[in-house]
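K.L.:
Chain C is fixed; fit chains X, W and F onto it per the hints.
Given next are the chains, with one letter for each unit.
Protein chains: 4
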Amino acid sequence: MSEPASNRGEIEALRLAYARIRAESEALASRLTPEDQTVQSMEDASPTKWHLAHSTWFFETLILSRWLRFYRSFDERFAYLFNSYYEALGPRHPRPARGLLTRPSAQEVLDYRRHVDQSMFSLLDDLPSRHEAEIATLIVLGLNHEQQHQELILTDIKHAFSCNSLEPSYVSSKPEAIESAAPLGWTSLPGGVAEIGYAGPGFAFDNEKPRHEVMLRPFRLASRLVTCGEFSDFIADGGYRRPELWLSDGWALVNRENWRAPLYWHDDDGREELFTLHGRSGRNRHEPVTHVSFYEAAAYAAWAGKRLPTEFEWERAARELQVDGNFLDDRRFHPRAARNQAGLSQMFGDAWEWTRSSYDPYPGYRSFEGAVSEYNGKFMIGQMVLRGGSCVTPRDHMRATYRNFFPPAARWQFSSIRLAEDA
Amino acid sequence: MSEPASNRGEIEALRLAYARIRAESEALASRLTPEDQTVQSMEDASPTKWHLAHSTWFFETLILSRWLRFYRSFDERFAYLFNSYYEALGPRHPRPARGLLTRPSAQEVLDYRRHVDQSMFSLLDDLPSRHEAEIATLIVLGLNHEQQHQELILTDIKHAFSCNSLEPSYVSSKPEAIESAAPLGWTSLPGGVAEIGYAGPGFAFDNEKPRHEVMLRPFRLASRLVTCGEFSDFIADGGYRRPELWLSDGWALVNRENWRAPLYWHDDDGREELFTLHGRSGRNRHEPVTHVSFYEAAAYAAWAGKRLPTEFEWERAARELQVDGNFLDDRRFHPRAARNQAGLSQMFGDAWEWTRSSYDPYPGYRSFEGAVSEYNGKFMIGQMVLRGGSCVTPRDHMRATYRNFFPPAARWQFSSIRLAEDA
Amino acid sequence: MSEPASNRGEIEALRLAYARIRAESEALASRLTPEDQTVQSMEDASPTKWHLAHSTWFFETLILSRWLRFYRSFDERFAYLFNSYYEALGPRHPRPARGLLTRPSAQEVLDYRRHVDQSMFSLLDDLPSRHEAEIATLIVLGLNHEQQHQELILTDIKHAFSCNSLEPSYVSSKPEAIESAAPLGWTSLPGGVAEIGYAGPGFAFDNEKPRHEVMLRPFRLASRLVTCGEFSDFIADGGYRRPELWLSDGWALVNRENWRAPLYWHDDDGREELFTLHGRSGRNRHEPVTHVSFYEAAAYAAWAGKRLPTEFEWERAARELQVDGNFLDDRRFHPRAARNQAGLSQMFGDAWEWTRSSYDPYPGYRSFEGAVSEYNGKFMIGQMVLRGGSCVTPRDHMRATYRNFFPPAARWQFSSIRLAEDA
Amino acid sequence: MSEPASNRGEIEALRLAYARIRAESEALASRLTPEDQTVQSMEDASPTKWHLAHSTWFFETLILSRWLRFYRSFDERFAYLFNSYYEALGPRHPRPARGLLTRPSAQEVLDYRRHVDQSMFSLLDDLPSRHEAEIATLIVLGLNHEQQHQELILTDIKHAFSCNSLEPSYVSSKPEAIESAAPLGWTSLPGGVAEIGYAGPGFAFDNEKPRHEVMLRPFRLASRLVTCGEFSDFIADGGYRRPELWLSDGWALVNRENWRAPLYWHDDDGREELFTLHGRSGRNRHEPVTHVSFYEAAAYAAWAGKRLPTEFEWERAARELQVDGNFLDDRRFHPRAARNQAGLSQMFGDAWEWTRSSYDPYPGYRSFEGAVSEYNGKFMIGQMVLRGGSCVTPRDHMRATYRNFFPPAARWQFSSIRLAEDA
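Those protein sequences? They're chains C, X, W and F, same order as listed.
Here the working numbering is used: the first residue of the first sequence is 5, the next is one more, and so on.
Here the working numbering is used: the first residue of the second sequence is 5, the next is one more, and so on.
Here the working numbering is used: the first residue of the third sequence is 5, the next is one more, and so on.
Here the working numbering is used: the first residue of the fourth sequence is 5, the next is one more, and so on.
For reference, chain C alone in the conformation it holds in the complex (with noise of 0.2 Å):
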């Protein structure tokens, strides 16, 4: 989602863009079964009905509670529900406990949002002329982050249909193959200084400003994400036994949880298989490794005699490059195999790809103002950054200056490996 508007024609856009972000959060959950929308399969993931009911609180408790005149909650003790982490905005139901809310319904959630939406085009009918750009500015962030949401209902119902022996799926058709991967090629990037974060004057969040130079050394980046069947090489390789390959936290982790391959991998019997969105299905050696933690991407690139690029990396080669790539908005809801092209492939889509910087703020960063300065700092510490988007990413969402970030050990994202090397 991009900028913030401030005359009638901006106001008219913010409306269309509202209505239909709004719209696609409930098309996603209408795949989904009342009892589906329920669950929570571990502490970091949230029931499809929490998030669509957190994304509304968002409307209601920052925006709607502040400026609509005479506007009534829905139900009160919401508040309290779907509050995910914000500490001014008062206590909140415990986050491992998100899913044993059989109540409200999927249908009362529905409903929620149906009058938080009714409130919100009031709203916009007659926004107060003095804080325009205020509320403006605090919808747009909303609809960005009702995408994030619209992101983690994928990856959060993969992970608990994940948990089910039925392996139930999330959409049945199964998107056509590209039967292979194009080679692997090396970009090389010159050093020098790099104009690093967001300046323009459309919406991007706080944690990509302000706009500083860093300082690179002449890199290269390889053309196309690491596939499944080079990973099974790296396995094959002894990848997941061998500790010089590791970061010491990551080997302590491998060996605790036995890891052996990637979330979602069955090699049960000698079969190649993979648990994915449209149920259990053969694993395609071309397309793109997934759901890998930052220590199993940094073990691949130290076996492959590479590292991973930094964020600033990454962002420098991005900046020159089209955000075009496989999006959610392409319903395909999984990676494909890298398309021959020249240059670098995958950049955008597809997967996120872990960098090696930790999750620091940039310098003269400065937090959202109010309430909405939870939003991101305040989750600076013990995090990796990844960039470009996945398969499950809305495309308007993503920018070359984009920045997500996941502990090291995070493997439920759609999350993948490109390696890098110094010129």
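It is worth saying that the hints were derived from the structure and are not from the lab.
These numbers were taken from a predicted model, which means no experiment stands behind them.
You can take every hint at face value.
Pairs involving identical chains hold if they fit within one copy or between any two copies, as the list cannot separate such chains.
The list that follows gives simulated cross-link-like pairs (lysine to aspartate or glutamate, EDC-like), each with its CA atoms no further than 20 Å apart: (1) Lys213 - Glu378; (2) Lys310 - Asp364; (3) Lys213 - Glu373; (4) Lys178 - Glu276; (5) Lys310 - Glu378; (6) Lys310 - Asp237.
P.N.:
Chains X, W and F in isolation, oriented as in the chain C frame:
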């Protein structure tokens, strides 16, 4: 549920019992939404849907698959999903993850029940004569098993609802309250040799057998259960802060979990409230205290200068009484204050009574034969015996010799306290 | 240790017992370096130095501080450091951190013992006549308490040494081995009313009282303990991999902890070895298996088609025997194979015998009075009774009515198995 | 410790450094009893004796066993006992169980040191000329390694002593206090390209290399460390109860662990005290706050309206200063209040300074070769960089480019806070 059957009339009675008890489970579940039926609020509890499917799996696995010719399983994967703890019957879905089973849906579970019920009726129409007695015995066991899960459906959903700040009700209408509890009296019982355990012709669990002699000393039993009001006095007198009243493990638990009252009590802002199957409600000082652990029961008894009865004392007193009281059949779903009556009241129904007896095997104990040998025997460690049934136990499931058992820390059952003392 | 004393001769006997038992503790510790005496290898165990100080604290706190006029405590801070679990006697150093007490040094603990011993002798020289009986009773209790800690000094240091790959020995000389165990026979015992519990004039713990009648069925006891060789047969027959042999909690533990043999067994490279207080040693197939949990004892019995005796059966059989056997006084520090003899052997000494009895209070149980009321009663939950004493129990500490108790998972005591069966 | 050596004079200097640094470790340990040297108070810490043996193991395993002809190991089992984390050098004694090693005794560890030292001197007498440079490099590394463990000996024993209510002192004499801290000033530093990392001829760790260019913005550094008095103001202003000041993980930790002040602060009954290596002592408001986690440092900075410096800013400022300050060599064992002086004070010594930089590899980072490749690189995840050394760091161990690192929750090091702000 009573005894096995071996002729036409008895088989007809069995068919009727089957139809009635199976229908009762579905009636209990029918007050719940599909979402309610899906969740699991703690490892000890299970989803409603799982209870409905597991009790069906019991008939399918232990009876139909062995004796109904040409029986085709409804879904072979259910053998894995709905096995509870029978090692002899293969691996099973992990217990703590039962609440992730969004599929099969509540409707599919009902379909599964239909399929198994029809097959069971077919089998009853044409019982293989050589195995008639064995099959009838297993059916009776299966029905008693199903009745145990009826009670768990209610105690488990009560726990799940209590985790939701919306505090849903299982039933909306509140039962009439009795205005005052009978005063506490004492009934004397003689010592000497008592016959303990089941020896009749009807059904009883293996853990109730064999009947054997136990030497008792003369003792007295309180005429009714401890009330909420009496338990409040214990609290007001520092009951939860005085280590000398507690068993060592209990004291550690009180402090680790910061227990200050029975489970489901709410005393915010001076209100004396309770979470019930009817939702949040004012607390009736006259009704029996429930949802206390064995530790709390023993601490209360120590505070009162009394003790808990042994299971043998309880049975000695109960065997002369009618099995009557406030049971599931009464649809109160909540205990009731003791009525004024001569002798012992509330011995059956209302609430389970913790005894000062560890759940050890009786002398000469033999477990059931075959796969159902795992039914009771393997749990005879680390648990305490409770007696008498509760307001969510089916009346015809109860007997004076019935031994229920839970770990001393368990609080989510309708468990209460009856005092005893040496004569 | 035997009974309290109330006249001159008895007081003199008490003084001698005091001198002898206190000296024995120090003799046991004297084989250990100050460093050995400092560490704690798990929460259940305690450092040698702590045992020496805690048993001294007992005399100081419960006797000297009350009855020795002008008694000056050695160091007031020791009241906090060396209280074990007496809530009535104030807060205490956390149990899991006992192994961090580098100070006081082993020498200072000996000085503390000197100080208390001298004060105790002063008190014995001039007992306040009004309290003579009470004080004598507490001294006898304190000496029995000290003897219990003598056993723990040895089992705890054995565990600590087993955690060190240098495998230190507590004693260097190995005891002579008996070449072959007596063949397994069975002794029949009659049913009927048995008098259980202590009723004599001498000392017994409160948990052995009151004497009361228990109804027994006729039964048989194995003539000796299960041997290492027999237990090896159980292992070879898949004993640790067959769930049908195990109690449910035991089976979970076997898998969680990956148990494949008793504690301290080593079978690397086909060698049959054992860690002992003499260091690593070859395993004698004829000697009793030790360091098994109740779960392993019960599983072995199930495999053998037998059962464990109840504590009442054991006591019924033991009460006619001399308290004789392989005790601490023999300085073997290890069990010995059963000699050929008529009737029951190894009932006393060698190794504790797990019974199929939960550690419940006897009918009419009353705890000791005063602070020592916490001695036994508050632990009467979640534990199983063991009988008979071991090769590290002082002989004069043992009685037919003596009830030892440990949680069913405990393995670091010299605990073994005697089989029983119905007659 | 400085650089490797390649001719006679340099080897002689190396021999002297070896003798001096090895002796220093033993001097530090000599203030402790054998018992003190044995215990481990938490998994992060190690026993003194283990530090002494492990730093010796380093020379034995990495140098003597490879290059000293006919070298006979002191005890082959020590290779297992005293390997810290080198996967390439085989399995090792479990880290959390280091405190159970009562054997070898403190004296045996000293004998081990003698044995290795004599062998090292033999090797230095007759260095194989082809490997002279390589060996010299490893010796210098070994000595720097030993110096790191000197610091840990002191911080680990401080923690162990703090767990004992006797509160032993490491040293008895208290250092003189400076009566008032210098007022807080600010030093401006320019932006632009800064050369970061080590590039000289002497020794530096691999993590300090390669020197590379980093782009800085103009910034200001506080002239001294935050004092105890200033940190008390933060506490009095609700610092530990205001979520808006904290990173999310830090806030969770504060609540989980109930942190209310830095580690080792005691404010019982209104006294302002501190546990130090000199025992319990009054708290000097002028001395630097220490034993704060990164989370507390960042929360303090947020409260003060400032921020923490990046490690690059810190190094940019430090590279023009003398490496001078309050170090281990001064035998104060405690930080000192800042003296009045122009510019930056306390940059070196007194206390480590948390930076707002994750411990990531420098561009072009290459780990050491061989087994010591595990020295630093594998820990480059989940940790934050600290700079400047402390009052228990040897002075000649410190450099402006030196990067220390700990997880953000660590508090048992002498870690403090220096504020920064954008210019």
